[in-house]
Amino acid sequence: MSAHAPEACAGCPLGKARLEKLGVATGAADHVVALAGNPNTGKTTVFNLLTGLRQHTGNWPGKTIARAEGGFVYAGARYKIVDLPGTYSLLSATPDEEVARDFILFGRPSVTVIVVDAARLERNLNLALQVMQITDRAVLCVNLIDEARAHGIEVDVRGLSRDLGIPVVATAARQGEGIDDLLREMHAVATGAFAGRPRRLAFDVPGLADSVRRLDRAIERSFPGVPNREWIALRLLEGDRKVIEAVRDGSLGELAADHAATGAG
Amino acid sequence: MDDPAQTREDLLRAAEQLRWDLPQDFRDRWVENVYGESARLAARRVAKTGASTRLAWERRLDRFLTSRWTGYPTMVLMLGVVLWLTIEGANVPSALLASLLVEHGHPWLRSLAEAASLPGWLSGPLIDGLYLTTAWVVSVMLPPMAIFFPLFTILEDFGYLPRVAFNLDHWFRRVGAHGKQALTMSMGWGCNAAGVVATRVIDSPRERLIAIVTNNFSLCNGRWPTQILIATVFLGSLAPPALAGLVASTSVLGVALLGVGLMFLSSWMLSRTVLRGETSTFSLELPPYRPPNILRTLYTSLIDRTAIVLWRAIVFAAPAGLVLWLICNVRIGEATIAGHMIHGLDPVGWFLGLNGVILVAYLVAIPANEIVIPTVLMLTVLATGATGVGEQGAGVMFEIDDQGALGTLLRGAGWTPLTGLCLMLFSLCHNPCSTTIYTIYKETRSAKWTAVATLLPVAFGVILCGAVAIVWRAVASGPP
Numbered sequence: 001m002s003a004h005a006p007e008a009c010a011g012c013p014l015g016k017a018r019l020e021k022l023g024v025a026t027g028a029a030d031h032v033v034a035l036a037g038n039p040n041t042g043k044t045t046v047f048n049l050l051t052g053l054r055q056h057t058g059n060w061p062g063k064t065i066a067r068a069e070g071g072f073v074y075a076g077a078r079y080k081i082v083d084l085p086g087t088y089s090l091l092s093a094t095p096d097e098e099v100a101r102d103f104i105l106f107g108r109p110s111v112t113v114i115v116v117d118a119a120r121l122e123r124n125l126n127l128a129l130q131v132m133q134i135t136d137r138a139v140l141c142v143n144l145i146d147e148a149r150a151h152g153i154e155v156d157v158r159g160l161s162r163d164l165g166i167p168v169v170a171t172a173a174r175q176g177e178g179i180d181d182l183l184r185e186m187h188a189v190a191t192g193a194f195a196g197r198p199r200r201l202a203f204d205v206p207g208l209a210d211s212v213r214r215l216d217r218a219i220e221r222s223f224p225g226v227p228n229r230e231w232i233a234l235r236l237l238e239g240d241r242k243v244i245e246a247v248r249d250g251s252l253g254e255l256a257a258d259h260a261a262t263g264a265g
Numbered sequence: 001m002d003d004p005a006q007t008r009e010d011l012l013r014a015a016e017q018l019r020w021d022l023p024q025d026f027r028d029r030w031v032e033n034v035y036g037e038s039a040r041l042a043a044r045r046v047a048k049t050g051a052s053t054r055l056a057w058e059r060r061l062d063r064f065l066t067s068r069w070t071g072y073p074t075m076v077l078m079l080g081v082v083l084w085l086t087i088e089g090a091n092v093p094s095a096l097l098a099s100l101l102v103e104h105g106h107p108w109l110r111s112l113a114e115a116a117s118l119p120g121w122l123s124g125p126l127i128d129g130l131y132l133t134t135a136w137v138v139s140v141m142l143p144p145m146a147i148f149f150p151l152f153t154i155l156e157d158f159g160y161l162p163r164v165a166f167n168l169d170h171w172f173r174r175v176g177a178h179g180k181q182a183l184t185m186s187m188g189w190g191c192n193a194a195g196v197v198a199t200r201v202i203d204s205p206r207e208r209l210i211a212i213v214t215n216n217f218s219l220c221n222g223r224w225p226t227q228i229l230i231a232t233v234f235l236g237s238l239a240p241p242a243l244a245g246l247v248a249s250t251s252v253l254g255v256a257l258l259g260v261g262l263m264f265l266s267s268w269m270l271s272r273t274v275l276r277g278e279t280s281t282f283s284l285e286l287p288p289y290r291p292p293n294i295l296r297t298l299y300t301s302l303i304d305r306t307a308i309v310l311w312r313a314i315v316f317a318a319p320a321g322l323v324l325w326l327i328c329n330v331r332i333g334e335a336t337i338a339g340h341m342i343h344g345l346d347p348v349g350w351f352l353g354l355n356g357v358i359l360v361a362y363l364v365a366i367p368a369n370e371i372v373i374p375t376v377l378m379l380t381v382l383a384t385g386a387t388g389v390g391e392q393g394a395g396v397m398f399e400i401d402d403q404g405a406l407g408t409l410l411r412g413a414g415w416t417p418l419t420g421l422c423l424m425l426f427s428l429c430h431n432p433c434s435t436t437i438y439t440i441y442k443e444t445r446s447a448k449w450t451a452v453a454t455l456l457p458v459a460f461g462v463i464l465c466g467a468v469a470i471v472w473r474a475v476a477s478g479p480p
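Residue numbers (this note's numbering), protein chains in the order written: chain A, 1 to 265; chain B, 1 to 480.
In isolation and in its complexed conformation, chain B is listed as follows (with noise of 0.2 Å):
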């Protein structure tokens, strides 16, 4: 019955003699010979009538967009106009949806289950836990992402992202990485999880690891909110009115940027350490410019992308509302479970910038980034409750209807602008979400590429957030 088996391995060892007595290029010239062939029918069945005012116009645009004096200033200006229609925007209806479903939906709720005399250990966890923090993601996530979205869809389908990987791809192959990677950490400013799959358009596997373990640095849309609510209160609000807007919307920017810095120093070190290679190179082609269809624009974004990701919040936001509920309410000795979590995590807080809260906040969000801010403000609630801040008592999320509130409220717990910028920096520079690990290990097969991808982030968040309030805390304290 071997029979078969040996005329195949026959076969394969006559193909490996005769490839000996062809020319060593006869693979190129036979794809020369594919081109000429297109070639010569492509210009017998081609007709080009007259010039083309609208090629003209591509090419003109393609140079504006691309060149060395106008490319990169044009990357930066999008962004920022970006971000600021964001933040501009979403101000109006999150107001709107916090007044609607935290304001009035929490106590028409509450009462609801005392009408139906429900028990206090049931409501408890349903009501201040379960549905407030839904409540809160929803308020505070959903217009930034409505509007995000769509924007950088349009983006996306008018064809500039490629001309951004085009303008990028010389900074990603000089700290040794494909260029294609710039793909992957634009998908990355939506969703780290969708990024690391990206990276799959990676053919080496030493760039696709370096792809996958910096894309973290890319501010996905769970981060977004967080930069956004706390550059409008702590750093918005240095400035006078008229230009909070800008200031905020430029300090989001500058620390987005500063996450694509990241990505090519922690590329760099990556490459030149433990990923050391030759830099592959590929063509990318630049696609014509499409006007957007901006109804199917809305609808794909809205549906698809914003929907999906609003959905995975809730998800992941409603268990860790329960969970918050529990630690902040369960007590062992003479305070809570939260209690003892934050006061031992106080120091550490202190050294970084930040405080107690925020990094109890921050173990409780891994399952997903978008809950830090309601975490952070249940947990302060909590915290300064003792000294009678707080009414609503312990783990009830706050009710807080505009910014100013929520400012005052954080103030009151100890914050200053240093913990603003430190929660921004911490914010780029932390762990990613659980999926996002899940989805790293899933595409690598490998604890140790998993490992080094969780953890090299927060890594550069210690490092970064310390010098930050060492140097601010220096400058603060030094002669005036």
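One chain only, chain A, in its complex shape (with noise of 0.2 Å):
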């Protein structure tokens, strides 16, 4: 069934806008979009049904190793979209979690998208949590939904929307169910029409906070305009090296050129 989905759809009308299956000529684009999400959540088939691609899937976690990148176009804009490797979280430095987590901080995505299990949804918010911590722009994909309700699992969408302050859709990607809404969202996200306020955690471990406001006014001095202070201070309290050297050599501040010429929405 769902080999037959995307065909069928290619042709007719996505609300106003349609999809254009790309393959891996992405050109230059538009837009980029980041998949993040927990391992065998299923982002490699949102990432094939909308590029058109056909990369290996796999019911094991750990399938997607190295990062893959397609293309679509979506209402008229291009877009380059990069499948990262399945990760629990972005706070230990194994390679997989250095990747994810150096793409959606370095790799500057328009938006990312944190495909989420359905039916696992208190395990994998923790990576969802910890990704909108890096960034403002991020769609949350609820995937799986179909076994989810198979399982007698009822996700409240909306409300999930309003806590955590990102559009929220519920797919269900081998069948193609939900993946209208998750392009319309992507593209709000990405050309700054939905501009989100994602929640941020509350620091409750004693003078964490302060230390963290203090860095936070050194980083500022040192990269102005630089985004997710908040997150960069967090990681030099914890001696992240790879954080500590892009400090040390400045590449840290092309990321606050760039977040200035692209334009937060």
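Think of the hints as simulated: they come from the structure by calculation, not from any bench. C-beta atoms are modelled at their ideal positions from N, C-alpha and C, and glycine is treated no differently. The reader is advised that the hints may include incorrect statements.
[Stated by the list, open to error] Simulated DEER-style distance windows between Cβ atoms:
| hint | chain 1 | residue 1 | chain 2 | residue 2 | range |
| --- | --- | --- | --- | --- | --- |
| 1 | A | 206 | B | 61 | 43 to 51 Å |
| 2 | A | 69 | B | 35 | 27 to 35 Å |
| 3 | A | 69 | B | 265 | 40 to 48 Å |
| 4 | B | 54 | A | 69 | 32 to 40 Å |
| 5 | A | 242 | B | 274 | 27 to 35 Å |
| 6 | B | 276 | A | 191 | 49 to 57 Å |
| 7 | B | 173 | A | 209 | 38 to 46 Å |
| 8 | B | 276 | A | 192 | 49 to 57 Å |
| 9 | B | 265 | A | 209 | 51 to 59 Å |
| 10 | B | 36 | A | 225 | 27 to 35 Å |
| 11 | A | 159 | B | 35 | 17 to 25 Å |
| 12 | A | 216 | B | 25 | 16 to 24 Å |
| 13 | A | 225 | B | 269 | 51 to 59 Å |
[To be verified] Pairs of lysine to any residue residues, derived as SDA-like cross-links and limited to a Cα-Cα distance of at most 20 Å, are as follows:
| hint | chain 1 | residue 1 | chain 2 | residue 2 |
| --- | --- | --- | --- | --- |
| 14 | A | 242 | B | 204 |
| 15 | A | 242 | B | 205 |
| 16 | B | 48 | A | 147 |
| 17 | B | 448 | B | 431 |
| 18 | B | 48 | A | 150 |
| 19 | B | 448 | B | 272 |
| 20 | B | 48 | A | 123 |
| 21 | A | 21 | A | 176 |
| 22 | B | 48 | A | 158 |
| 23 | A | 242 | B | 14 |
| 24 | A | 21 | A | 180 |
| 25 | A | 21 | B | 296 |
| 26 | B | 48 | A | 149 |
| 27 | A | 242 | B | 12 |
| 28 | B | 48 | A | 146 |
The task is to assemble the complex, starting from two chains supplied on their own in separate frames and drawing on the hints.
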């Protein structure tokens, strides 16, 4: 069934806009989409559906090792989409987590789609919250909603969206369900038509909030306009070697320059 | 101009200082923070409507597939069934393809060349060398791959592989390796080069090296056909015809399991000697079972896997066929180059329960394991041609339309069940193909570890085959 769904949809209008798959021919893209999520939540299925590519998907965690790239056109805008390796968190420094984290932080995606398993929301939201710590431009894709339904699990998508402060879409990517909604929300965030105000976590550890605030000011002095100062401060406090290196050689500043150029919606 | 650099250093120093004032476990507490928040969100926005029968069913299946008493037998049985289906199912299409490409295609091309009055030095290497080797590879390899890969992919899509990893994790940890090595091992059953690349999922460099060095003990798809063919001809034929397929698949299963055993043994040896260190823990989420999408599975495994592997075999087999034709037809003194090589390696081969032909074939087939059997056949025809068995002439791959004829040819060349058994063992334990060797070098960036990964299996193979040959001969020549 799902093998035919994309062909059937490519010709029909998706709301006002339509999807055109570009495979690997990304060319110069207007927007870059990062696909993040826990292992085995169907990121690669979403990726294949949007690009028309056939990256091998497998029902076991850690299938995507390197990142895959593809392209599509939606509502007249050219998109490049990057399928990141699945990770449980962005906090430890395993190679696959570093690939995912560096891309979200330094790859400057116009929108990060966080794919989560609807039936395992409690565990999957950990990563979503961590991604939202890094970027304002995120869409939560509650995938495998068909499986969740079969398990008798209902997800309140609107409520979740209100809680998180970012768009939330329910999908069943294997069946092509909900992809139109996902495209619409992605487009809105990427173009800046929708500006999310993601929920940021409070620092529940004594002294942490204070330390972060002090570093935050120092970071602003060294890198005026850099986004996610709180997150950078946190990483510095933890002694993250990669972030320390980016501060030392000044490459953290390029992030700020680009952020200003694209204009935060 | 070094002012900005100075402020950046100040920033880093400030962070260093502030770190001392924080509670030591601030990172853990912050992580707990994140987990608590997601739990709260999920509790508020996720509703469970009634008990799910599917969840209960999945739990029961999980318990069955991962329990100590039922998990291991199920794994062995699954692999056995997959192999049996492959062996039984591949016979007919293999014979059909051989008849089409070799029996009819080859004479037709020859007559075409004669009609075009192509000179022998051109038509020989092209049609007898290049075409015939390629045709052989396609007819011997395509049917088993077209059955094996989809079956394997269906198991993978269903979610069985992570359960295998779960079952084997305990054993990998006990030998000092990483539990995820079970995953790279399964990948190696498809292709060792892919298995080596897949070791990137292992974070610890020590455990990753163990996984890379021992991956070659996973029989790759270039070697499954060799195993299947030799088991059918030499071991299956020892049993009554009704049981031949079962005996053959059981012996292939035995070799595959021996490979798993050797992987554990060599991992243990490495982790106790040169790669000593702590075993790291990891969490593996058992994914839900998903009904495999059969059409999609067929498509991906045929187009993305079978076609790519077959193409690789052809790309390597075609030039190898050319080289073969040359060494079989260029003479130095009395005999051809191949003749000299076979003669020189015969004593070594005898010691290993093999023969010179097999060893030369393994030298020629370093680029791709897939062409070992075609090369053996071609060299056998050459070697036995002197005694009048071969009629096609030197260096022309013999036309074998069924496995009975293959057995007749090989037995005529002095092969015994011992030769078959040792060939199966040597096929399991010999150097990786050149693509895998190159991949190992690219992944480890170390000539030393590449050499270890290349030579370690050969050492195992020599010991194993030598021991089997000695025992076999002792039993065979002993009192009845």
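Here is how each hint holds up against the structure:
1. 206/A <-> 61/B: 43 to 51 Å: Cβ of residue 206/A to Cβ of residue 61/B: about 47 Å, so the range 43 to 51 Å holds.
2. 69/A <-> 35/B: 27 to 35 Å: 32 Å, holds
3. 69/A <-> 265/B: 40 to 48 Å: 41 Å, holds
4. 54/B <-> 69/A: 32 to 40 Å: 36 Å, holds
5. 242/A <-> 274/B: 27 to 35 Å: 30 Å, holds
6. 276/B <-> 191/A: 49 to 57 Å: Hint holds: Cβ distance 55 Å, inside 49 to 57 Å.
7. 173/B <-> 209/A: 38 to 46 Å: 40 Å, holds
8. 276/B <-> 192/A: 49 to 57 Å: Given a distance of about 55 Å, which is inside 49 to 57 Å, the answer is holds.
9. 265/B <-> 209/A: 51 to 59 Å: 54 Å, holds
10. 36/B <-> 225/A: 27 to 35 Å: 32 Å, holds
11. 159/A <-> 35/B: 17 to 25 Å: The hinted range 17 to 25 Å holds for residue 159/A and residue 35/B, with Cβ atoms some 20 Å apart.
12. 216/A <-> 25/B: 16 to 24 Å: Since residue 216/A and residue 25/B have Cβ atoms about 22 Å apart, the given range 16 to 24 Å holds.
13. 225/A <-> 269/B: 51 to 59 Å: 56 Å, holds
14. 242/A <-> 204/B: 18 Å, holds
15. 242/A <-> 205/B: Roughly 18 Å between the alpha carbons, so the hint for residue 242/A and residue 205/B holds.
16. 48/B <-> 147/A: Holds, because 13 Å separates the two Cα atoms, which is no more than 20 Å.
17. 448/B <-> 431/B: The hint holds at about 15 Å.
18. 48/B <-> 150/A: Roughly 11 Å between the alpha carbons, so the hint for residue 48/B and residue 150/A holds.
19. 448/B <-> 272/B: 18 Å, holds
20. 48/B <-> 123/A: Cα-Cα ~16 Å, so holds.
21. 21/A <-> 176/A: Roughly 14 Å between the alpha carbons, so the hint for residue 21/A and residue 176/A holds.
22. 48/B <-> 158/A: Within the cut-off at roughly 17 Å; holds.
23. 242/A <-> 14/B: This hinted pair holds, its Cα atoms lying about 17 Å apart.
24. 21/A <-> 180/A: 14 Å, holds
25. 21/A <-> 296/B: Roughly 19 Å between the alpha carbons, so the hint for residue 21/A and residue 296/B holds.
26. 48/B <-> 149/A: 9 Å, holds
27. 242/A <-> 12/B: 13 Å, holds
28. 48/B <-> 146/A: Judged against 20 Å, a Cα distance of about 14 Å means the pair holds.
Violated hints are absent here; each numbered hint is respected by the structure.
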